[in-house]
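Peer 1: Chains as they are written, first to last, in full-length UniProt numbering: chain A, 1 to 179; chain B, 1 to 480; chain C, 1 to 623; chain D, 1 to 106.
Hints are computed from structural coordinates only; laboratory data are not their basis. Values in this document were obtained by computation on a predicted structure and should not be read as measured data. Every residue gets a Cβ at the ideal spot worked out from N, C-alpha and C, and that includes glycine. Treat each hint with caution, since some may be false.
To be verified - Dumping the calculated DSS-like pairs for lysine-lysine here, alpha-carbon to alpha-carbon at most 25 Å:
no., chain 1, residue 1, chain 2, residue 2
1, B, LYS289, B, LYS418
2, C, LYS368, C, LYS522
3, B, LYS289, C, LYS560
4, C, LYS586, B, LYS159
5, C, LYS368, C, LYS445
6, B, LYS363, C, LYS29
7, A, LYS174, D, LYS102
8, C, LYS597, D, LYS102
9, C, LYS542, C, LYS526
10, C, LYS25, C, LYS158
11, C, LYS369, C, LYS445
12, B, LYS289, B, LYS155
13, C, LYS158, B, LYS289
14, B, LYS155, C, LYS596
Claimed, not checked - Only part of the chain C face toward chain A is listed, based on derived beta-carbon distances under 8 Å:
no., residue
15, GLY604
16, VAL611
17, CYS615
18, THR619
19, PHE622
Claimed, not checked - Now the in silico label distances, taken between C-beta atoms and shown as ranges:
no., chain 1, residue 1, chain 2, residue 2, range
20, C, TRP213, B, ILE8, 52 to 58 Å
21, C, HIS447, B, LYS363, 36 to 42 Å
22, B, PRO362, C, TRP213, 43 to 49 Å
23, B, ASN51, C, TRP213, 44 to 50 Å
24, C, LYS56, B, ASN51, 50 to 56 Å
25, C, ASP555, B, LYS363, 31 to 37 Å
26, C, SER4, B, LYS99, 55 to 61 Å
27, C, LYS596, B, MET267, 42 to 48 Å
28, B, ASP463, C, ILE464, 52 to 58 Å
29, A, THR11, C, LYS597, 54 to 60 Å
30, A, GLN61, C, LYS596, 51 to 57 Å
31, B, PHE343, C, ILE464, 54 to 60 Å
32, B, LYS363, C, TRP213, 43 to 49 Å
33, C, VAL564, B, ASN147, 28 to 34 Å
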Amino acid sequence: MIRIPDFANATPIQIIFCVLAVITLFTAFMTIYSRKPMHSAIYLLICFTSITGHYLLLNSQFLAMVNLIVYIGAIMILIVFTIMLMNLNKENEVYKPRITRLGAIVTFCLMCLVLIAMFINSKPIVGEYTTTGEDYQSIKVLGKVLLNEYMVPFEFASVLLLVAMIGAVLLSKKEKTTK
Amino acid sequence: MDVTHILIILLVGALATYFSGDKWAPKVALLFGLAAFAGSICLLSQYNLANEINYVTLWIAKPKIYFALHADGLALAMLLLTTALTPIIIFSSFGNTYKNSKAFYALILFMTFAMAGTFLASDGILYYIFWELSLIPIYFIALIWGNGDAEERKKAVVKFFIYTLAGSLFMLVAFIYLYQKTGSFLIRELSQTDLSATEQFWIFLAFFLAYAIKIPLIPFHTWQAEVYQKAPTVGTMLLSGIMLKMGLYSVIRWQLPIAPMAAKEFMYVFIGLGIAGVIYGSIVALRQKDLKKLLAYSSLAHVGLIAAGAYTLTLDGLRGAVLQMIAHGFVVVGLFFVAEIIFRRYETRAIAEMGGIRAQSPKFTSMFMILVLASVALPSTFNFIGEFTVLYSLSQVNIWYAILGGTTIILGAYYMLKMFQHVMLGETNARIFADVTFNEGLTLVIIIAVLFFFGLYPKPIIDLITPSLENILTQVNRFN
Amino acid sequence: MDTSLVLVLLLAPFLGFLFNVFLGKKAGKSVVGIVGTLSVVVSFAITLYLFGNAGKEPVVVNLFDWITIERFNVKFGFLLDQLSILWLLFVTGIGSLIHLYSISYMHDDEKIHSFFAYLNLFIFFMITLVMGSNLLMMFIGWEGVGLCSYLLIGFWYKNQDFNDAAKKAFIMNRIGDLGFLIGIFIVGSLFNTLDFTSLKTIITTIDDINDLWIALAALALFIGACGKSAQIPLYTWLPDAMAGPTPVSALIHAATMVTAGIFMLTRLNFLFDMAPSVQNIIAIVGAVTALVAATIALVQNDIKKVLAYSTVSQLGLMFLALGFGAYEVAVFHVITHAFFKACLFLGSGSVIHGLHGEQDMRKMGGLKKTMPITFITMLIASLAIAGIFPLAGFWSKDEILMTAFHHNIVLWVIGSIASIMTAFYMFRLIYLTFFNSFRGTEEQKHHLHESPSLITVPLIILAIFSFFGGIISLPGHSWLNEYLAPLFSKVSHEEHTLGTTEYALMAIATIGAIIGIGIAYKKYLKDNTIPSEDAEITGLSKVLYNKYYVDEAYDAIFVKPVNVLSSFFRDAVETTLSALVFGLGKVTNEIALQGKKVHNGSVGLYLFAFVLGVCAILTYLFL
Amino acid sequence: MNNILNQIGIENYIFLSVILFCIGVFGVLYRRNAIIVFMSIEIMLNAVNLLFVAFSTYHQDAQGQVFVFFSMAVAAAEVAVGLAILVSIFRNMDTIDVGNLKNLKG
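Please model the complete structure; the sequences and the hints are all you need to start from.
Peer 2: Below you can see the structure in the form of structure tokens.
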């Protein structure tokens, strides 16, 4: 069954989770809802940070760090720079037809419904969670897994990043107006 | 002589014709056509020595498709028809000059190749491939070398192509379903399967769509008259002389043995459809203004009768159908050639513009007359044998079928003689009609000789086809 | 010996045909005629020889298997028995005479070689018809003579009216042929053979006979006979067939081909004897045909049309006899009729020849002096057909009427009226043609002459036969009946003992004939009445003159509807079907056009569809 | 800390990430500004990552985290290329409104 947090007797962790979840959802929503792209970017940044918090809560320090670096450090900077580069920080969005909005909302509800129903349906929510005490998510272990089992994909990821970099450079380079 | 050699000869012939250049192409094509005919005769003699004529090799492993050719008496008869008509058709075109004739004649040989393959194939997918392959050359022949307004022609030919292709797809579906059931495409195994009545019904129907469009039976015939009219005469001959027979042959070879229960249950419907075609075709032919269209509708009437004979599921019906198929093949080629001869001189196919030819060309008149008479099944011509046997088998099913189907001998005489009267008789035509050339005469004489010879002595063909037909009948009757 | 003789008999005319077709044009007109005639004479000679030497047992010559049906084989074979020899005798005999006649008659025609070719081909097919050993062999000849009839009626092919007549003859015959075929099918499936000798054995010995199917078979075969022998309702082609050259009318449409129906019925007498109900129909049809045709003949003005309707009427009388199972009587009348009708046609041909193609009797008259031989021979033949003692027609017609009298008084009355009318219209013809003064143009009058001897000799021979032909079957001691006796399964037709009734009947018939002649004499010789012009004909005679409007009725009932239907099919149904097929294509096209609008390039829409799709898939897979 | 899931429960993470994901979807459909659409996609990616990590903890298996690592790498590459494309589109068409990008129209 779904466990409804008992707010009266909530443990600190539960409180932290609730707070984080609310922040995550709210900022995510505001990201979409804000009219100015720059505001969106800021909201998104907060969202990502809260997700990092979730990671920490789940005790996966490595991913928390990576998330911090990659998303907040790299991706957000990219986005912010792009926005500034294009000078888009204005409400330039044209009028959206009602049908679009309606469609989006319907889809949103439908998607939620389907996904939640699917998860509930797929497996009765698992009972008690027991720890084996085994270490599986320290940086040490992850490093081993990553460089033993997932050696090749790891290297490929680097190639991918390289290619993406070159591609990005090529794409954003101003075309020489030779024609 | 191996059965594959025939196909190889034809295929190589098509290539050789293409590379021999425009000037030599007709002769090369004729040569290879004759070679294929000789090869068929060799096969026939082997068959008569009680040799099994077979060629099987695995082609695709999964799904299991064999390159399987098998020639029993029936297939041989059809092969002979194909390879005998092809040189005649090629020879008949010598009086015309075609643009890019190397491609034209290569396509003819290629089409013959595909049609011969259809008659020989004993694996469903192989058969299907040949079946569809034969459509491609005729499409180009009719489209590129046809006559009349180009737009109109394109419309008619594309309709024909898509229509027949769409029909055949149902057949492919049926084959795939059968493969799911039996794990084989070989006719030998398909004709032994025990399908339920419902399955048989649907499979029968799928086959029927493919064949009814190809044959064509009413009401699936609308492509026929237009394409016959627009295609060059050579194409029309190929279509009506051989290609229609593919549909009829397939009814006997594939449809009846695979789904005999459905065939028995709905026999009356399909016989009725065939006979309706006889009457309908004859009546429509009465008021046609275009000579080739008239012949097209007469063809519709005749194949209706043949199909009705095949669906009687009796030995007589099948035998009559096959005999009539062969006879009709020859006679219709002859008649279309006559139309072409007139066209070469008068540049028209409108009956109203003809007339008064007899006075100028008695030889041509006699030969035309004989062909007309053969077409209306005068006794002592080959067509009579077929028509008599078919009508007899119909009378065994129900005497009314024979009476209604028999109206063909009245209506057939009516429209053919009316046509003959308006084309040939009457006051001498003002325009000069040169008598037939040697080549034209020879073509007609060969056809007429065949018609008379087998009209008086059909025994060789009857002996050739009867054992295979009996075989098929045993398969048809396996549920009893 | 027999085989080769039969083959020569059969193939001689065919060789003549081949010669005339391939070499006729080069060989010259006289050679063509001689070869054509000789080939028939050869057949006649062989027939005579066979006639002299034949035993009682029929000779069967089988050449090879022709058509194979599941339950029986049809052999390509010939049968020579009394019936076929008798028929061959007068077919080849009269055929020879008419060939001889044609040499002169057709001499001016440029296509004489094809004329003789067709005539020879006709004789060939007629021999096949007569000699065929089974129903299908007979059918070859049956359709073959129909073909030759078609070719010869339309001999002057430049005239489309003649071509129409030829086409009509062929198609009418084909209707009958369908009946014949159906009959063959029924016989085949009932008895598993089509061979005459086996059929006879089976039918005469079999016990459990399916009456209904036998009757149907007989009826179907009778329809076939109707077509060929011009009986109601299929008789209208015969008068039109007079479009052909006169020798053709004499040979095909009077003496030989039209008697094929009677031949067939006689050949299958055992079958028809099993179906008394059909025999009744035959008798009634025959009588009615005789009367109807005779009434039409009363008012016709075309000399050949009169003879044509007379032929139909006489054939009707023959069928009357057949209907009573009196086959030998019918055969007797066939033979005598062949003589005098051939003579009449050839005579009329001679007249037409003399008048350069004039066929209207209103424009003739007074030819007695200029054409004495023609006049005398035609007079003899007319007396014969009218049934005046002791000419051939008297004996044969009398026998038919006598048979009718013994079976059915009503039919006898009808038959007698028909024969009185016969006497009337024949002498109307004679008086209008040969007596009084000439009514044609001056130029024609100037050229009037007796025909050459090649024309008159056959006339004389035929007239002699018309006169004495009756002796082959005199009441009491009939050679013909004895000769044909082996053919008939029933103990032959009981001989008429010549009692008072018979003599009375003969007297009545003769008096009737004389009355008919008398009326004609009064009206056309004494009063010198000339039939009025076409437009002035009124009342009943107008109906008769227009042949009861039967042609028009057939046209309205059968031909027109079929043609209208054809136009309807061509213009409406065909286009609709075609549009339906194209419609399928159009629907596809329309769907594509509408579907195209969805792909408007808006990513939002695509994504929306995509998300919906994902939802659907997830729902389908996991819920 | 190791009994965190005992206290919160995996299902709450599931709900969280589903809602987060759906917000992402909603954003993609709702907004026409390409940058925001991009951000929405990032949200969706993060929702999935979060779920991965949650399940990784739940199953006590490192593989889930490794996968998140890779997906982050891919996301980084994607953003780099995607933004480059956006820039180039903006240069050429002077807008990044997806409503105007209708070259796909058939």
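Peer 1: Starting from the range 42 to 48 Å, see whether the pair C:LYS596 and B:MET267 falls in it by beta-carbon distance.
Peer 2: 46 Å, holds
Peer 1: Take the C-beta atom of C:LYS56 and the C-beta atom of B:ASN51, compute their distance, and say whether it sits inside 50 to 56 Å.
Peer 2: 53 Å, holds
Peer 1: Starting from B:LYS289, check that the Cα of B:LYS418 is at most 25 Å away, please.
Peer 2: 12 Å, holds
Peer 1: Is the distance from the Cβ of B:ASP463 to the Cβ of C:ILE464 consistent with 52 to 58 Å?
Peer 2: 54 Å, holds
Peer 1: Holds or violated: is the Cβ of C:THR619 closer than 8 Å to a Cβ in chain A?
Peer 2: 6 Å, holds
Peer 1: Given the hint that C:LYS542 pairs with C:LYS526, does the C-alpha gap stay at or below 25 Å?
Peer 2: 24 Å, holds
Peer 1: Measure nothing beyond the straight line between the CA atoms of C:LYS368 and C:LYS445; if it is 25 Å or shorter, mark the hint as holding.
Peer 2: Answer holds: C:LYS368 to C:LYS445 is near 13 Å, not above 25 Å.
Peer 1: At a threshold of 8 Å, is the proposed contact between C:VAL611 and chain A supported by beta-carbon distances?
Peer 2: 5 Å, holds
Peer 1: Between C:LYS586 and B:LYS159, is the straight-line Cα distance small enough, at 25 Å or below?
Peer 2: Distance of about 12 Å is within 25 Å: holds.
Peer 1: Indicate whether the distance between the beta carbons of A:GLN61 and C:LYS596 respects the range 51 to 57 Å.
Peer 2: 54 Å, holds
Peer 1: Is 54 to 60 Å a correct range for the gap between the Cβ atoms of B:PHE343 and C:ILE464?
Peer 2: 57 Å, holds
Peer 1: Was the hint right that C:GLY604 lines chain A, CB cutoff 8 Å?
Peer 2: With Cβ-Cβ at 6 Å, under 8 Å, it holds.
Checked against the numbered hints above, the structure violates none of them.
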